[in-house]
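Chemist: Generate coordinates for the entire structure from the input sequences, incorporating the hints supplied.
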Amino acid sequence: MRLANPAFYFDKGIITSHYWGHGGGYGAKYHVHEGQLDTLEWIDIDIFDYYGGIDSVVYQIVKYPMMDTVRTIDTMVYLPPEYQYERLIKN
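Per the working numbering, the sequence shown starts with residue 14, numbered consecutively.
Any given hint could turn out to be false.
Unchecked claim - Computed beta-carbon distance windows for the label pairs:
#1 His46 with Ile86: 28 to 38 Å
#2 Asp62 with Asp24: 29 to 39 Å
#3 Gln97 with Val45: 15 to 25 Å
#4 Gln73 with Glu95: 16 to 26 Å
No lab work stands behind these hints, which were simulated from the structure alone.
Since this is a predicted model, take the numbers as computed values, not measurements.
Ideal Cβ positions, reconstructed from N, Cα and C, are used throughout, including at glycine.
Modeler: Okay, here's the thing in C-alpha cells:
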C-alpha cells in the first residue's frame with residue numbers, strides 16, 4: 014500500500030495520509046496493529062471552483078467501524094491538524 018504525504022504518530026499507533034489536487038482528494042487515518050493497517054477514518058474532498066478560485070469544498074467524512082458519515086461544506090481546503098506533516102528531525 015502506498016500512502017501519499019504520510020504522517021506517523023508512533024505514540025498513538027496511527028498513520029495519516031492525505032492528497033488533494035484541482036478537483037478534490039482525500040484524507041485517511043489508519044491504526045497500525047500487528048503490521049496491518051485498519052482504516053479509522055476516510056475523508057473524501059470535492060473542490061468546486063470557478064474562474065480559478067475556490068467556490069466551495071465539500072467533505073464527506075466516514076468514521077470506521079460504524080460507518081458514521083458526516084457531510085460538511087467550507088470555502089477552503091482544511092484537514093484536522095493530525096493530517097499535517099511534522100518534522101521528526103529539528104535543526
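Chemist: Tell me the hint numbers this structure goes against, listed in increasing order.
Modeler: none
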